[in-house]
Amino acid sequence: MNSVHIVSAFDGELAYVVNKIGAMGGQAERMVEQSVRALVNADAALARRVVADDLLLDEAERDIGDKAIALIGRRQPLAQDLRQVIGAIRISADLERVGDLGKNIAKRAIAISGASHPVSLNRGLESLAELALLQLKDVLDAYASGDVTKLAQMRDRDEQIDLMYTSLFRQLLTFMMENARMITSGTHLLFCAKNIERIGDHATNIAETIYYVQTGQQMAPDRPQGDLTPSIVIRK
Amino acid sequence: MLDRLRALIPPGAVATPEAARTIRREGNPTERLSASSFAAALSDPVIFFDKDGFVVDANRAAHDMFGKLDAGLGLLLKFRAPDIRGLVEQLLAGNAAPAIDYIERVPLERMFRVSGSRVGEDGLFVLIFKDQSEVRRIDRMRADFIANASHELRTPLASVAGFIETLRGPAKDDPKARAQFLDIMQNQAGRMARLLDDLLSLSRLEMKPRLDGGARVELKEIIRAVLDTLGPMAAETKVVIDTRLPEGDATVIGDRDELFQVVQNLIENACKYGRSGGRVIVAIEPQADGVDLSVTDFGPGIPAEHIPRITERFYRVEAEGGRVEKGTGLGLAIVKHILARHNARLSITSQPNVETRFTAHFPPME
Numbered sequence: 043m044n045s046v047h048i049v050s051a052f053d054g055e056l057a058y059v060v061n062k063i064g065a066m067g068g069q070a071e072r073m074v075e076q077s078v079r080a081l082v083n084a085d086a087a088l089a090r091r092v093v094a095d096d097l098l099l100d101e102a103e104r105d106i107g108d109k110a111i112a113l114i115g116r117r118q119p120l121a122q123d124l125r126q127v128i129g130a131i132r133i134s135a136d137l138e139r140v141g142d143l144g145k146n147i148a149k150r151a152i153a154i155s156g157a158s159h160p161v162s163l164n165r166g167l168e169s170l171a172e173l174a175l176l177q178l179k180d181v182l183d184a185y186a187s188g189d190v191t192k193l194a195q196m197r198d199r200d201e202q203i204d205l206m207y208t209s210l211f212r213q214l215l216t217f218m219m220e221n222a223r224m225i226t227s228g229t230h231l232l233f234c235a236k237n238i239e240r241i242g243d244h245a246t247n248i249a250e251t252i253y254y255v256q257t258g259q260q261m262a263p264d265r266p267q268g269d270l271t272p273s274i275v276i277r278k
Numbered sequence: 428m429l430d431r432l433r434a435l436i437p438p439g440a441v442a443t444p445e446a447a448r449t450i451r452r453e454g455n456p457t458e459r460l461s462a463s464s465f466a467a468a469l470s471d472p473v474i475f476f477d478k479d480g481f482v483v484d485a486n487r488a489a490h491d492m493f494g495k496l497d498a499g500l501g502l503l504l505k506f507r508a509p510d511i512r513g514l515v516e517q518l519l520a521g522n523a524a525p526a527i528d529y530i531e532r533v534p535l536e537r538m539f540r541v542s543g544s545r546v547g548e549d550g551l552f553v554l555i556f557k558d559q560s561e562v563r564r565i566d567r568m569r570a571d572f573i574a575n576a577s578h579e580l581r582t583p584l585a586s587v588a589g590f591i592e593t594l595r596g597p598a599k600d601d602p603k604a605r606a607q608f609l610d611i612m613q614n615q616a617g618r619m620a621r622l623l624d625d626l627l628s629l630s631r632l633e634m635k636p637r638l639d640g641g642a643r644v645e646l647k648e649i650i651r652a653v654l655d656t657l658g659p660m661a662a663e664t665k666v667v668i669d670t671r672l673p674e675g676d677a678t679v680i681g682d683r684d685e686l687f688q689v690v691q692n693l694i695e696n697a698c699k700y701g702r703s704g705g706r707v708i709v710a711i712e713p714q715a716d717g718v719d720l721s722v723t724d725f726g727p728g729i730p731a732e733h734i735p736r737i738t739e740r741f742y743r744v745e746a747e748g749g750r751v752e753k754g755t756g757l758g759l760a761i762v763k764h765i766l767a768r769h770n771a772r773l774s775i776t777s778q779p780n781v782e783t784r785f786t787a788h789f790p791p792m793e
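Residue numbers (our numbering), protein chains in the order written: chain W, 43 to 278; chain H, 428 to 793.
I should point out that these hints are in silico values taken from the structure, not numbers from a laboratory. All values reported here derive from a predicted model rather than from experimental measurement. Please note that a few of the clues may not be correct.
With a straight-line Cα cutoff of 30 Å, these simulated DSBU-like cross-link-like pairs (lysine-lysine) come out [as the list claims (entries may be wrong)]: (1) Lys-179(W) x Lys-495(H); (2) Lys-179(W) x Lys-557(H); (3) Lys-505(H) x Lys-62(W); (4) Lys-505(H) x Lys-192(W); (5) Lys-179(W) x Lys-763(H); (6) Lys-109(W) x Lys-478(H); (7) Lys-557(H) x Lys-192(W); (8) Lys-236(W) x Lys-505(H); (9) Lys-763(H) x Lys-635(H); (10) Lys-192(W) x Lys-495(H); (11) Lys-62(W) x Lys-478(H); (12) Lys-557(H) x Lys-62(W); (13) Lys-557(H) x Lys-635(H); (14) Lys-192(W) x Lys-149(W); (15) Lys-505(H) x Lys-635(H); (16) Lys-179(W) x Lys-192(W); (17) Lys-763(H) x Lys-192(W); (18) Lys-192(W) x Lys-635(H); (19) Lys-665(H) x Lys-647(H); (20) Lys-763(H) x Lys-495(H); (21) Lys-179(W) x Lys-505(H).
Simulated restraints, written as ranges between beta carbons of each label pair [unchecked claim]: (22) Gly-107(W) x Ala-468(H): 23 to 29 Å; (23) His-490(H) x Asn-83(W): 33 to 39 Å; (24) Ala-588(H) x Gly-156(W): 30 to 36 Å; (25) Phe-211(W) x Lys-599(H): 47 to 53 Å; (26) Glu-648(H) x Ser-158(W): 47 to 53 Å; (27) Glu-536(H) x Gly-107(W): 32 to 38 Å; (28) Glu-101(W) x Leu-580(H): 46 to 52 Å; (29) Lys-236(W) x Ser-470(H): 40 to 46 Å; (30) Arg-90(W) x Arg-631(H): 33 to 39 Å; (31) Pro-659(H) x Phe-211(W): 38 to 44 Å.
The following residues of chain W were derived to be distant from chain H, with all beta-carbon distances above 12 Å [what the hints assert, rightly or not]: (32) Leu-88; (33) Asp-100; (34) Gly-107; (35) Arg-117; (36) Asp-123; (37) Arg-125; (38) Asp-183; (39) His-230; (40) Gly-258.
C-beta: ideal position from N, C-alpha, C; glycine also.
Build out the structure end to end from the sequences listed, making use of the hints.
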């Protein structure tokens with residue numbers, strides 16, 4: 043009887059932490075989406091809201107950290123239960139970083155909201171952000187369902203994000219070389235592109251954590267690159 | 428007479444005393460209907476969840492729209508948007524909550540009006556999603572269309588206007604210049620017409636992001652039909668098109684007109700940008716997990732840094748030596764869009780000056 047009580051108390055406390063991760067995820071997804079929208083539409087008001095929202099994520103991360111430590115101390119979980127708790131600490135740290143990167147994009151959006159830049163750069167940033175958001179959505183969905191089968195293909199997409207970032211980087215450099223007056227806004231855009239690329243990396247980290255939580259094993263290392271032909275695979 | 432008139436009235440059109448009596452005697456049959464069988468009849472996604480926020484049941488429409496929603500899934504882990512969370516938390520706290528808008532950006536932009544309430548006495552709750560994507564998409568499409576059309580049509584239009592001015596003024600009496608300018612103007616007019624066609628088909632595709640029905644399409648037949656229409660263009664560019672088609676059947680689920688456009692755009696591009704290679708290969712290869720359709724050319728190829736972005740709208744590869752710009756910048760965007768609707772994958776590989784291949788990988792039929 044007593045053990046049932048302990049088990050359900052642990053489950054309840056774990057459910058609180060897991061639920062909080064979901065909330066952080068939703069918040070982080072929204073910050074990334076809104077910050078890029080603010081950047082592309084030069085919407086300083088929206089950008090300021092994003093900056094303000096970052097506090098919520100910082101707070102949630104601290105809360106998850108406190109609860110997780112208390113949980114380990116009091117319930118001394120083992121095996122998958124322990125991995126769940128440690129996983130929550132790691133994922134919340136990644137999501138907090140994603141929020142920081144979103145906030146940084148928003149700050150830069152405010153800084154350059156007066157300058158205009160070419161449509162093609164905006165399109166490039168948008169499609170980069172779309173990939174990163176898709177990556178984030180897929181890992182968070184996988185966290186919800188506990189389904190690890192699709193985690194491996196996320197590496198492909200991360201590679202795609204990197205390639206697209208490299209391409210944008212070159213385009214931005216050319217753009218700045220041709221318009222010396224645009225170096226300030228160009229540099230801000232460059233950091234924004236880098237931030238989005240980093241968001242993709244954090245999503246990949248989360249994917250690896252989920253895999254570890256669910257299976258107890260590390261995800262297989264990256265596939266060797268046999269073929270160096272430049273190529274890309276476009277998925278939905 | 429009265430009987431004959433009564434026979435004209437369809438059953439159920441008029442309440443009969445017998446029906447009312449039956450309902451009074453045996454109770455209202457809808458009272459005994461289960462919530463899930465009722466939800467199954469609805470075309471809007473409906474999700475039931477318990478007081479701890481776990482999914483209990485979801486109807487077919489919800490599965491189609493949001494993917495697997497197994498019982499026991501944490502509702503708020505799947506629907507993480509702060510607005511939905513606020514709604515659900517209000518409901519679980521026992522309060523009534525106003526409907527909210529839920530917007531999904533990726534993989535397709537979708538918008539729902541979400542309302543929820545408590546149902547029954549067993550601590551069960553329900554969320555109902557009303558799809559508003561169509562309305563939103565029409566708005567966006569209109570804005571996008573205007574922005575794109577005005578931006579992209581300005582260049583050719585300015586060039587035509589410039590030539591008209593020249594023809595009226597300095598080149599008024601110069602027949603050689605006139606012929607040359609008219610040629611250019613015709614090209615530009617043609618380009619504008621193609622641009623409008625492409626913008627319209629892209630807009631149409633975006634309006635309807637999902638395919639309806641499970642029509643079957645034979646890829647070999649499509650390739651033959653495309654080659655028939657492209658014959659003159661291939662001859663003009665002096666490119667030889669080889670086909671490598673398997674003996675067996677290569678049928679996929681899809682829309683014939685859309686796949687025709689995919690094959691046409693890919694072959695056209697290969698002939699246009701790979702014409703110096705003199706040869707284009709169109710192949711179908713059955714794979715363990717579906718079918719590959721590929722178009723390969725042997726032209727200058729695409730520099731590595733452009734490959735990731737080549738399917739973006741109006742993205743242009745500035746080739747060295749200033750390649751003649753013939754495209755609208757939308758062809759591959761259309762291809763990507765159509766393939767995404769078919770759950771197909773597009774992969775692009777290019778080794779400059781060796782070979783460039785576009786492959787569409789279609790999933791198996793079942």
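Can you name, in rising order, the numbers of the hints this structure does not satisfy? 14, 22 and 38
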